[in-house]
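Q: For reference, the chains in residue letters:
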Amino acid sequence: MAIRKRFSPLPGFGLSLGYTIFYLALIVLIPLSAVGAKTIGMGWEAFWAAVSNPRVVASYELSFGASLLAAAVNVVFGLIFAWVLVRYRFPGKGLVDALVDLPFALPTAVAGIALATIYAENGPIGSLLKPYGIEVAYNPNGVLLALIFIGLPFVVRTVQPVLADLEKEVEEAAAGLGASRWQTFVKVILPHVLPALLTGFAMAFARAVGEYGSVIFIAGNVPMVSEITPLMIITKLEQYDYAGATAVASVMLIFSFILLLIINGLQGWMQNRYSKGA
Amino acid sequence: MKLKTLVTSLLAASVLAGNVLAADISLLNVSYDPTRELYQDFNAAFAKYWKAKTGDNVTINQSHGGSGKQARGIIDGLEADVATLALAYDVDALADKALIPPDWQKRLPNNASPYTSTIVFLVRKGNPKGIKDWNDLVKPDVAIITPNPKTSGGARWNYLAAWAYALEQPGGNETKAKEFVGQIFKNVKVLDSGARGATTTFVERGIGDVLLAWENEAYLSLKELGDKFEIVTPSLSILAEPPITVVDKTVDKHGTRKVAQAYLEYLYSAEGQEIAARNFYRPQDAKIAAKYAKQFAKTRLVTIDKSFGGWRNAQKVHFSDGGVFDQIYVPSGKR
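Chains as they are written, first to last, in the working numbering: chain V, 1 to 278; chain P, 1 to 335.
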């Protein structure tokens, strides 16, 4: 049986797909393949030595652990944030809405220095926390804090339009049919925004894994304790170890890619389930 | 009337001719972190000197950052006419990439270091933890701030100074030195990537009891922040020789070799030495050194060549991947 050419009513599929792939290659794949090329040149043994060094392994744990945790925190608070911005009217709402985007626009180094200033032992917040034995700056807590800071807008901005689409009447109908507030949230709202929440989670996570500028100012950068993987890469570069740097970078890329693939898959599955259930 | 016209046109012509003859030259000096203030002063002085000597206007642009990062920038294509870095190893990296000849360090006097410095301690006013010497740093309640030796030139000097101190103690040997330096780094609370970052952490954020710092950086903090800090010079430290070089590949391309060479040589002149001393670098010139002798505490200074067999060797043993510095941090048994 011959493959029938399916007719699509939308024009220009071939051209636009070709352009998309060309563009993706030019902007994303070719620069990334340079990472691969440098790595391939170094031989398996040197590669393994570079990426399995205990300090580097400790940095993977911190980078990926803190990024996942930060993204999870942002999912909870980003949802609340988006909810407030969509559902309620209050004075200064426009201002709050604009403030959410600030972490996007701020140079990350500025964010890092600002956070370190405020949360250091002698800073306005750090000095309040110190008597309770809570130290935020210059340890892994600082890493988490910086990553939460930069990740928040991703969740808010992905969830906000979806929440806005969900008409208030749906919630009112749920309430009218006798659902408790909790049931309305879990059975009506959550399934609707979950795919968007996951997208926000994935973006916040991806951003956090690659973040360098804001973290190094507040992390303390102590080996085995508070070194993030991007710092290990920079450290290797400073020692003229280009191959080692790209080796660690490639491991990071592969990890991130797998995690993002899983999250995307999960999201697709949920969207399917939701649209079938609805 | 006619005469006036003539004079005016002559004047105009001479101004024009002057403009044609006086070339506008610009140089890029790629340097390490704490030399900002030094080269700001020196560049102005050199521009004046060069204008008087040749009539040319020379503008010197400065770039500062961690020494290793700066050297890497030059290797990756940053067009530095001159490099003034924190340690010879970073300049050797330029030689390895054939940007400068291998014998670069012989081209200028004093190992191509017009000024030297050393490593001192900056402590808080009144020295509350009573820090006098290196062995006070290993006490359990002392929190130390230093940049990371892997990324900062100054921090490598810090590390090697501590190592040299341990070696020179009665019964000192490599094993004991490693243990000693390991104890010091156990007390390190924040490892910044560069010297300026570490100074900021200690001075502005108020973290730590002692900052291991370049002598000039410590004096600069003192000058700017006055009475909140004190400098403690340990009984033994290391003679830091920050080297300078013309970057041959760039100056040949830009045609700036002559002025770049003069720029570096001027650092050795009486005025250059004076500017270095005013910025708390130790001058090489004996006369100027005598004049500023009071400014610098007398202490025993060991050299990298005698105590560590040169930079390449020190780098390989201590700071390469899996080297002594890595071993200090990685728990034994995991490796």
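Hints listed in this document are in silico derivations from the structure and should not be mistaken for laboratory results.
Warning: the hint list may mix true and false statements.
[As the list claims (entries may be wrong)] Restraint-style ranges between C-beta atoms, simulated for each label pair: (1) V:L26 to P:A143: 46 to 52 Å; (2) P:I75 to V:K130: 53 to 59 Å; (3) V:K130 to P:P102: 38 to 44 Å; (4) P:K316 to V:A72: 41 to 47 Å; (5) V:L32 to P:G322: 49 to 55 Å; (6) V:G36 to P:E174: 38 to 44 Å; (7) P:I75 to V:L26: 39 to 45 Å; (8) V:I30 to P:A270: 20 to 26 Å.
[Unchecked claim] Below are the DSS-like pairs computed for lysine-lysine, each with C-alpha atoms no more than 25 Å apart in a straight line: (9) P:K97 to V:K38; (10) P:K125 to V:K38; (11) V:K130 to P:K125; (12) P:K228 to P:K125; (13) P:K228 to V:K130.
[As the list claims (entries may be wrong)] Covered stretches of chain P, as calculated for chain V (at least 3 residues, CB under 8 Å): (14) 56-69; (15) 184-190.
Ideal placement from N, C-alpha and C gives every residue a C-beta, glycine not left out.
Q: Hints first: check each against the structure and report whether it holds.
A: Outcome of the hint check:
Evaluation of the 46 to 52 Å hint for L26 of chain V and A143 of chain P yields a pass: the beta carbon distance comes to about 50 Å. Hint check: I75 of chain P to K130 of chain V, Cβ distance near 44 Å, so the stated range 53 to 59 Å is violated. Separation of K130 of chain V from P102 of chain P is about 53 Å and departs from the stated range, judged on CB atoms against 38 to 44 Å. Look at K316 of chain P against A72 of chain V: about 44 Å separates their beta carbons, and that is inside 41 to 47 Å.
As the Cβ distance of L32 of chain V to G322 of chain P is approximately 28 Å, the hint placing it in 49 to 55 Å is violated. Remark: the range hint 38 to 44 Å for G36 of chain V to E174 of chain P is upheld by a beta-carbon distance near 41 Å. For I75 of chain P and L26 of chain V, the Cβ-Cβ distance of about 26 Å falls outside the hinted range of 39 to 45 Å, so the restraint is violated. Range check, I30 of chain V to A270 of chain P: Cβ separation about 55 Å, and the 20 to 26 Å hint is violated.
Of the supplied pair hints, the one linking K97 of chain P and K38 of chain V holds, its CA atoms being roughly 18 Å apart against a limit of 25 Å. Only pairs whose Cα atoms come within 25 Å are accepted, and K125 of chain P paired with K38 of chain V is rejected, the gap being roughly 51 Å. With a C-alpha separation of about 22 Å, the suggested pair K130 of chain V and K125 of chain P falls inside the 25 Å cut-off, and the hint holds. For the proposed pair K228 of chain P and K125 of chain P, the alpha carbon gap of about 5 Å is at most 25 Å, so the pair holds.
Restraint check for K228 of chain P and K130 of chain V: satisfied, since their Cα atoms lie roughly 22 Å apart, inside the 25 Å limit. Note: the segment 56-69 of chain P has 3 residues with beta-carbon separation from chain V under 8 Å; the three-residue rule is met and the coverage holds. Here's how the segment 184-190 of chain P fares: 3 of its residues keep a CB closer than 8 Å to some CB of chain V, so the rule of at least three is met and the hint holds.
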